[in-house]
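One line per chain: the protein sequences are A and B, in this order.
FYI, UniProt numbering numbers position 248 of the first sequence as 248, with every residue one higher than the one before it.
FYI, UniProt numbering numbers position 309 of the second sequence as 309, with every residue one higher than the one before it.
These are computed hints drawn from the structure, not numbers from a lab.
Given the structure is predicted, the values throughout are model-derived calculations rather than measurements.
Some hints here could point you the wrong way.
Same chains, same names: a pair is fine if it fits in one copy or spans any two.
[What the hints assert, rightly or not] Here are the simulated DSBU-like pairs of lysine-lysine, each with C-alpha atoms no more than 30 Å apart in a straight line: (1) K255 <-> K52; (2) K47 <-> K261; (3) K43 <-> K280; (4) K397 <-> K280; (5) K400 <-> K286.
There are 2 protein chains.
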Amino acid sequence: MPYSYVSYLDCPKCGETYDVNTVQQLCTCGAPLLVNYDLEQLKDNLKPDELKDREDSLWRYHELLPVADCKNVISLGEGMTPLVEMSKLGSELGIKNFYMKDEGIIPTGSFKARGAAVGVSKAKELGVTELAMPTNGNAGAAWALYAARAGIKSTIAMPIDAPEITRKETAVSGANLYLVDGLISDAGKIIGKYVKDNQLYDVSTLKEPYRIEGKKTMGLEIAEQMDWEIPDVILYPTGGGVGLIGIYKALNELKELGWIKGKLPRLVAVQAAGCAPIVKAWKENKTESDFWLNSQTTAFGINVPKALGDFLVLEAIYQTGGCAIAVEDEAMLEEQEKISSMEGAFVCPEGAAAFAAVRDLRNNGWFHDEESVVVLNTGAGIKYPNTVQVEVPTLNKEAKI
Amino acid sequence: MPYSYVSYLDCPKCGETYDVNTVQQLCTCGAPLLVNYDLEQLKDNLKPDELKDREDSLWRYHELLPVADCKNVISLGEGMTPLVEMSKLGSELGIKNFYMKDEGIIPTGSFKARGAAVGVSKAKELGVTELAMPTNGNAGAAWALYAARAGIKSTIAMPIDAPEITRKETAVSGANLYLVDGLISDAGKIIGKYVKDNQLYDVSTLKEPYRIEGKKTMGLEIAEQMDWEIPDVILYPTGGGVGLIGIYKALNELKELGWIKGKLPRLVAVQAAGCAPIVKAWKENKTESDFWLNSQTTAFGINVPKALGDFLVLEAIYQTGGCAIAVEDEAMLEEQEKISSMEGAFVCPEGAAAFAAVRDLRNNGWFHDEESVVVLNTGAGIKYPNTVQVEVPTLNKEAKI
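Whenever a hint applies, use it, and build me the whole structure from the sequences.
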């Protein structure tokens, strides 16, 4: 039995195919490449019940991941994050089955660990010794740390305004770190030139094919954790959109395997009002988005003015009957506090945005009664301490409360 | 089949017993109380293999936890943290089987979540509506958030020097938070008076009996994750020492159940050179420690000058043939960087102290060849960003690397 059923890469735009055993970046047409598996064969060889005894990490789905030899797996125990019931909030919003997939409970404190674990493992398998990327913070921290574990050299460029903790994480990994006085798109230009000049592996969002495969495991886990009864709606805070693309890809693979049945969940892309290119494109019924000028939001992780995979995000929304919705910064910060004090979960601002979107969609009647809803919280609130203001009394030693 | 096999509480000092169905604090003799289970009956009713299909949280061990009714469980998905192989570091140190139990991968980012989850759940079961505690930061954050989830009001006092992120977490939970211009012992005095005046539930370290039970699950998980072949040595960064007491208690319970066999692991208490009361007591072969004057260390979580459970920590060390060892702050920070750049794990300074201790103990011949060693990393490095100094270039948008 093979460890992986990976077969080949193909381009979702022009259909060109590529070999999975050599280093690949974008398609010659400029689009990201997707990974294909021999699902027909896998269908005969694996039943979902056999997963039960496996390790509690995303590697439990190794047949559906691109790493061919388990010796190349670089793992810090990532995945199988909790699916937490949010019954108090659900009851307030009138949603009976309300869950949070908590991606803060993972190495490096954000869902970026999934893409990094799978991407770095595959890079190691392909013999990569050096990689480079621009980042808004969390992805750079994750890739730098997993690369360190793999013995791969990394060069990371992030905006000077990226969350300070991610700067510390990247630095402590021993990566070559650069701060850029600009946006992630500016950091991207600098890295683009650097990888070209030095013929390095470019692991920018979607410029290598394997990050999606790591993110895909969120979809696999949600399905397994709900005992293969998939939810009606999944909401995802959307910057580059890789998680949403990955979840959609996972659900389609599971459907082809016959492990899930019926209609796919309606996928919802949640963006910040200050950076909402996907929402704009969806409202205009377009298949691609335009660059969002002067983007700004507290939810730094979703400050992505133009995503390379925008057409895949929009396809996933259209195909599942989902939607795209924008949330004001103020509303997401209010929601963050509400979730903490009501449910005990200190979520990141991006996750809070997705919860705020649930509130808006519920109020405008977009949910039906009795639907089951899953919100992705993409990272731990502790990575963004500046979103919480504390004004409390300081006592001297002899004080009395 | 009962959900829990909890039977009664008893005092490890004077032997007095107490009811588990009413609120209890310390024994009348001043010592902490311990929880007892009907292990004879459990032995007949549960086999370790039956655990395999259970949920990936510490509640998989519900028979060995004090909550009698599953309806009272307050969970954010805590537990079953990864046991990560540290093969590169192990190879450098000449330790063949070297693992890190990574307690950063848990709600609230520290192992304090375990004690809080079980402690708050039992408090809810006992009808508690309000609790109070002093904290060095992480425990307060965890108890405040779990209390919020349970609908229990909390009052938390922490030193003004406690890690700022824990202040944010506690505040965002909606707790009554006070900062104290002093040490945790000063905060403890203020809370002590407050709970007495208002007849509140005091959840200070070991002043209620259930936090140990939560921490105990680290020992249960290590045993299960190693397929019931327990390691030769476990190292634990020791402040209040509850984790070490809990692990020792867990291993004894597993032994009584017949789930593990042979000699218990040698338990090692690791402290900071600037606050090492347990180390001093162990070196002097004493059964209790003295208050450590003017304690100071970067590893804030183990800055505990005198632990209420010191005698239990020392007993666990003596009974297992372990030891106690102190580490300089400089050595732990060096080790923190080493672990990040070599193994890709950004550990907290307390965890780094335990790794530094492995290095010292290996150098002085305390380990035998071929031993298996487990280090507890008690929290995520991202909770202590100030331990990492970053000096990197800032580029303008047009720059070239």
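Checking an output row: K397 and K280, CA cutoff 30 Å. Within, between, both or neither?
Answer is between; shortest inter-copy Cα gap is 27 Å, intra-copy 56 Å.
With 30 Å as the alpha-carbon cut-off, assign the pair K47 and K261 to within, between, both or neither.
within (15 Å within a copy, 35 Å between copies)
First find the shortest C-alpha distance between K255 and K52 inside one copy, then the shortest across copies, and answer within, between, both or neither for a cut-off of 30 Å.
both (19 Å within a copy, 27 Å between copies)
Intra/inter-copy verdict for K400 and K286 if alpha-carbon distance must be at most 30 Å
Neither: 63 Å inside a chain and 36 Å across chains, both beyond 30 Å.
With 30 Å as the alpha-carbon cut-off, assign the pair K43 and K280 to within, between, both or neither.
Answer is neither: 39 Å inside a copy and 62 Å across each miss the 30 Å cutoff.
Violated hints, in rising order: 3, 5; the structure is consistent with all others.
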